[in-house]
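There are 2 protein chains.
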Amino acid sequence: MSLTGYSDLVARLKDRGARVVALQFPAGLKRKATEVACTLKDEGFEVIVSGDPCYGACDLAVDTLRYADVLVHFGHTPLRDPDPRIIFEPFLIDFDFSVVHLAVPFLKTKKIGLVTTAQHIHQLDVMKAALLRQDIEALSAKGSRGCREGQVLGCAFGAARIEGINEILFVGTGVFHPLGIQLATGHRVVALDPFTGEVQEVNAERFLRRRHALIERARAAECIGLLVSTKSGQERFRLAREMASRSKNAVIILMKEVSPDELENLGFPAYVNFACPRLAYDDQVRFPAPVITPQEYQILLGEKEFGEYSMDELE
Amino acid sequence: MSLTGYSDLVARLKDRGARVVALQFPAGLKRKATEVACTLKDEGFEVIVSGDPCYGACDLAVDTLRYADVLVHFGHTPLRDPDPRIIFEPFLIDFDFSVVHLAVPFLKTKKIGLVTTAQHIHQLDVMKAALLRQDIEALSAKGSRGCREGQVLGCAFGAARIEGINEILFVGTGVFHPLGIQLATGHRVVALDPFTGEVQEVNAERFLRRRHALIERARAAECIGLLVSTKSGQERFRLAREMASRSKNAVIILMKEVSPDELENLGFPAYVNFACPRLAYDDQVRFPAPVITPQEYQILLGEKEFGEYSMDELE
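From first to last, the protein sequence lines stand for chains H and P.
The numbering used here puts the first residue of the first sequence at 33, with every later residue one more than the last.
The numbering used here puts the first residue of the second sequence at 33, with every later residue one more than the last.
A couple of the hints might just be wrong.
For chains that are exact copies, the list does not tell them apart, and a pair is met inside one copy or across any two.
[What the hints assert, rightly or not] Pairs of lysine to aspartate or glutamate residues, derived as DMTMM-like cross-links and limited to a Cα-Cα distance of at most 25 Å, are as follows:
(1) Lys46 <-> Glu274
(2) Lys64 <-> Asp293
(3) Lys160 <-> Glu233
FYI, nobody ran anything at the bench for these hints, they're computed from the structure.
Only chain H is shown next, with the shape it has when bound in the complex (with noise of 0.2 Å):
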């Protein structure tokens, strides 16, 4: 993994001429941040620390650069056009590529298009390679959102837009991303977890049976609550603004992190959620009331029928 050797970053800060130096890290690597800030401290960088929860690279500590020279932000690849001042320190975990020949017998044509996410992203070609031994013809295309060819997102499947195929294998851990890419797409998906070895084809039968469900609860509430987030990569205010314009019981929520608490203690009955696409699909379980995407929104509106589902992607 790319944090065990600072020294690299430590030339590139210098080269800069940074002075204070602010650390961004996701949940999942926040534990190294004591370790991270002695060594630039020692090195003699004045260092900050970014506190708050953080999800993503849409989800950038730009706070921190009121008070420092540079923002290293881990864990993540850059979305479009970030800040000059960010550094991005993605996080890549390596997997044993020839893992791919177990997704084979899944496989129901010769040309597939092959999809990944951040951490496996430097393994693209290698995972080609291997399948193309195995007489499999595995396309990529250019990602969306700043993605790298071949990389999706959680809330960007753009990379699985590709010409010429009907099938699609996607190489990473848990069912969100094959689930979008599915019904982006609408190709056959087969689903590879990289360390466990386990090949799945993705059915989003009983997903979209819990949408419709939901939409169908959000469509009962007398007022409902549009949730706009002010995270950097995050917001889209105008398309909630315009959207509660067409709504007589719409109120739109500001909030920085859409959490379980705060839906609770603003209690309304539903919401729609303009935030980080992944919340309304992941995080269902967890809130007090239904939070449904636009599209599901414009659905509840007579806008648009429900066999025609998609995705909610960010730009």
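With chain H's structure known, arrange chain P on it following the hints.
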């Protein structure tokens, strides 16, 4: 209470020519959001509700002013020099002022200081009159941090610094304010809860024993995080930076909400709190590590004796 009628608020908003109005409520009043929002929508305003946690006038949702013409902040009186685009709607609670006679047997002198909190400050004069009928002369003083005469905050005890008295009557709920007043002034303090009629003399001994133990636990920590909040009225970055420069093992941590979860994620063995002073005092039991005040940190660093203990206050 002042939230039931909005006609005056609507008139003031129209006078200002406001079109987009943001609303902010502290936790205990957040459930009013839907009602106030709908009333204002019906009056033709575009409405934005702030969904972030809010604990005081130090915690203004200034970010809403990027989208709104006016912010209406409910429940608190303004601190010094607030943004002129902010309207404050304090939350006033009446009680039967004659209840002050219950405190008389606990007083040792005939000339005392009288202090209370924002919710009751409109009844200061009637309390004074009721005490005078019992032959007690009650004096009050100008508050600090924008407080009205006789009003204290959990972080500002200026109104308790009254000349020519040795004894103070505090009217309000909880033991934190009277404890702070006792430690800030050195006077004898009698606390009266105006709702239950309960009277008690404040004793700071147990509190000081607990704080002493926390300082000793923090002293054993290999590194210490200095917590600086980015909230408008709580930002003490300069003081933290100055103290960090005097200690080899201190790292500044910048965060909006100082929450138990995030301190757990960061994993520092001890913290110094430069945000809301009440966090270190009231929320210690919720935190995973000792959280001490800047004044206690001075004791830890050997710059002050424990005998010179003073409360943390904001300017």
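Problem - Alpha-carbon proximity context of Lys160 and Glu233, limit 25 Å - result: Cα proximity of Lys160 and Glu233: one copy only (20 Å, versus 77 Å across).
Exercise for the section: Pop the pair Lys46 and Glu274 into one bin, within, between, both or neither, using alpha-carbon distances up to 25 Å. Expected result: Answer is between; shortest inter-copy Cα gap is 23 Å, intra-copy 46 Å.
Practice task
Using 25 Å as the alpha carbon limit, work out where Lys64 and Asp293 are close: within a copy, between copies, both or neither.
Solution key: between (28 Å within a copy, 16 Å between copies)
In the structure shown, no violation is registered for any of the earlier numbered hints.
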